Amino acid sequence: DAGITQSPRHKVTETGTPVTLRCHQTENHRYMYWYRQDPGHGLRLIHYSYGVKDTDKGEVSDGYSVSRSKTEDFLLTLESATSSQTSVYFCAISPGGGRADTQYFGPGTRLTVL
Amino acid sequence: AQKVTQAQTEISVVEKEDVTLDCVYETRDTTYYLFWYKQPPSGELVFLIRRNSFDEQNEISGRYSWNFQKSTSSFNFTITASQVVDSAVYFCAFFPNAGNNRKLIWGLGTSLAVNP
Numbered sequence: 029d030a031g032i033t034q035s036p037r038h039k040v041t042e043t044g045t046p047v048t049l050r051c052h053q054t055e056n057h058r059y060m061y062w063y064r065q066d067p068g069h070g071l072r073l074i075h076y077s078y079g080v081k082d083t084d085k086g087e088v089s090d091g092y093s094v095s096r097s098k099t100e101d102f103l104l105t106l107e108s109a110t111s112s113q114t115s116v117y118f119c120a121i122s123p124g125g126g127r128a129d130t131q132y133f134g135p136g137t138r139l140t141v142l
Numbered sequence: 117a118q119k120v121t122q123a124q125t126e127i128s129v130v131e132k133e134d135v136t137l138d139c140v141y142e143t144r145d146t147t148y149y150l151f152w153y154k155q156p157p158s159g160e161l162v163f164l165i166r167r168n169s170f171d172e173q174n175e176i177s178g179r180y181s182w183n184f185q186k187s188t189s190s191f192n193f194t195i196t197a198s199q200v201v202d203s204a205v206y207f208c209a210f211f212p213n214a215g216n217n218r219k220l221i222w223g224l225g226t227s228l229a230v231n232p
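Read top to bottom, the protein sequences are chains Y and X. The end of the first sequence is residue 142 by this note's numbering, with every number in the run present. The end of the second sequence is residue 232 by this note's numbering, with every number in the run present.
So that you can see chain X by itself, here it is in the shape it has in the complex (with noise of 0.2 Å):
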């Protein structure tokens, strides 16, 4: 079965400090996209990232970086010198590239609480 786990339900740190947000997939297929949104307080949904399975290579945008380990079915996401403003939660997300299926699998989110 296919899978996302967000081990960390909650984060605290205090403003300025990196913080790591970690993401584990299962699955047998051998391509696919994996993806982070941020839920602010005020509710909406934010895309923040889309990487293929083909893709190995880290993205930085920012003050955000993604790690994309195919080895270990990791896709982490680091903010550096975080801010209160980065307080939501986040979601991680797989999306199989096989067949029509064209359903999200999420993971459960990590809420941050960055505090100042």
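Bound conformation, chain Y alone (with noise of 0.2 Å):
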């Protein structure tokens, strides 16, 4: 399995807070993606990575924003978080390269905000 951990794996927090979530790989992959899980929706991706400093949106990145300073960090922020932030949150790696690879995804964390 591939090494990725996510912290914190559980979060509750008020509208209006700050939030920042953070995924970890060991595998010194090039490309990192957050996702969010929501019923009804399945996955969407909010942002990824293609290298330290690089990071490009998804179909969802409105109301977050994403960090990249080391290889095997890739954080993702809430500003100010909504109730509709609500999900469950996904990290994904892949080692990326000329052809397209498999994603590998970390535990999850599931963030509710009241």
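In case anyone wonders, no lab produced these hints; they're calculated from the structure. Treat the hints with care, as some may be off.
[Unchecked claim] Derived lysine-lysine pairs resembling BS3-like cross-links, with alpha carbons at most 25 Å apart:
#, chain 1, residue 1, chain 2, residue 2
1, Y, K98, Y, K81
2, X, K154, X, K132
3, X, K219, X, K186
4, X, K119, X, K154
5, X, K219, Y, K98
6, Y, K81, X, K219
7, X, K132, Y, K85
8, X, K219, X, K132
9, X, K119, Y, K85
10, X, K154, X, K186
11, X, K119, X, K219
12, Y, K39, Y, K85
[Stated by the list, open to error] Covered by chain X, according to a simulated footprint, are these stretches of chain Y (three or more residues, beta-carbon under 8 Å):
#, region
13, 63-71
14, 132-142
[Stated by the list, open to error] Computed from the model, here is a short list of chain X residues facing chain Y with C-beta under 10 Å:
#, residue
15, Y153
16, S158
17, L161
18, F163
19, A209
20, W222
Computed from a prediction, not measured in an experiment: that's the story for all the values here. The beta-carbon is built from N, C-alpha and C at its ideal position, and this holds for glycine as well.
Join these two chains into a complex; the hints should help.
Following this line, the structure appears as structure tokens:
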């Protein structure tokens, strides 16, 4: 199994507070992704990174920012959490390269915004 | 537009039955990859298989088998002699291999319940 950890695993916060989720990998993979999973919507890409300090938006990026200062860490920040951001957040990694490759997922973070 | 459709939202079977999960995709790309992932009740997402669009050979792994038919744009997943531990949500996903797009396109999943 790919070495991916997410922290925290569970978090309850209040509307308007900032929240940062961390994804850490030990595989030295180039690509890292943040998804959210909601009933009826499946998995939706928030942001992804294709290298240190290189990031791009996914389909649901509004209200989220990311940073990647080291290969192994990819942070997702909710600047001012809203109840609509209550979700399960998954980090994924893939090695990258010249061909499509498999994304491997972390265990997920369950975020509740009250 | 590229899209993945898993028409079966929920399936319920009795243990030892065979079950097929359907996946249909839409694309104009000539090269692409297809994936299946499993999400058991514990919540993690587990990679099952990746298939290149050039390789239409069916694949079998134990009780799992996959039928890729490019002519019908389908990549169906069959579990033979299902077991309670197979209960999970199964996702099909599509990866366009053109350009720098690194975004997986996901189906909404099929929830499989295997009852004893």
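Subject >> F163 of chain X as an interface hint toward chain Y, with CB separation required under 10 Å >> reply: 6 Å, holds
Original post:
Straight-line Cα separation of K81 of chain Y and K219 of chain X no greater than 25 Å?
Top reply: 18 Å, holds
Subject >> Agreement of hint L161 of chain X with chain Y interface, Cβ distance less than 10 Å >> reply: Status holds, d = 4 Å.
**OP:** Would you check the hint for K119 of chain X and K85 of chain Y, treating anything up to 25 Å between C-alpha atoms as holding?
**Re:** Distance ~19 Å between K119 of chain X and K85 of chain Y Cα, so the pair holds.
Original post:
When you check the alpha-carbon spacing of K219 of chain X and K186 of chain X, does it fall within 25 Å?
Top reply: 21 Å, holds
**OP:** Answer holds if the nearest beta-carbon of chain Y is closer than 10 Å to that of W222 of chain X; otherwise answer violated.
**Re:** 5 Å, holds
Original post:
Does K132 of chain X lie within 25 Å of K219 of chain X when you go C-alpha to C-alpha?
Top reply: Violated - the C-alpha atoms of K132 of chain X and K219 of chain X are around 36 Å apart, more than 25 Å.
**OP:** Assess, step by step, whether the Cα of K154 of chain X is no farther than 25 Å from the Cα of K186 of chain X, and give holds or violated.
**Re:** 23 Å, holds
Original post:
Is K154 of chain X within 25 Å of K132 of chain X, Cα to Cα?
Top reply: 19 Å, holds
Subject >> S158 of chain X as chain Y interface residue, shortest Cβ-Cβ below 10 Å >> reply: 9 Å, holds
Original post:
Given the proposed pairing of K132 of chain X with K85 of chain Y, does the C-alpha separation stay at or below 25 Å?
Top reply: With Cα atoms ~44 Å apart, K132 of chain X and K85 of chain Y exceed 25 Å; violated.
Original post:
Is the interface hint for Y153 of chain X satisfied, with its Cβ closer than 10 Å to some Cβ of chain Y?
Top reply: 8 Å, holds
In summary, the structure is inconsistent with hints 7, 8 from the numbered list given earlier, while agreeing with the others.
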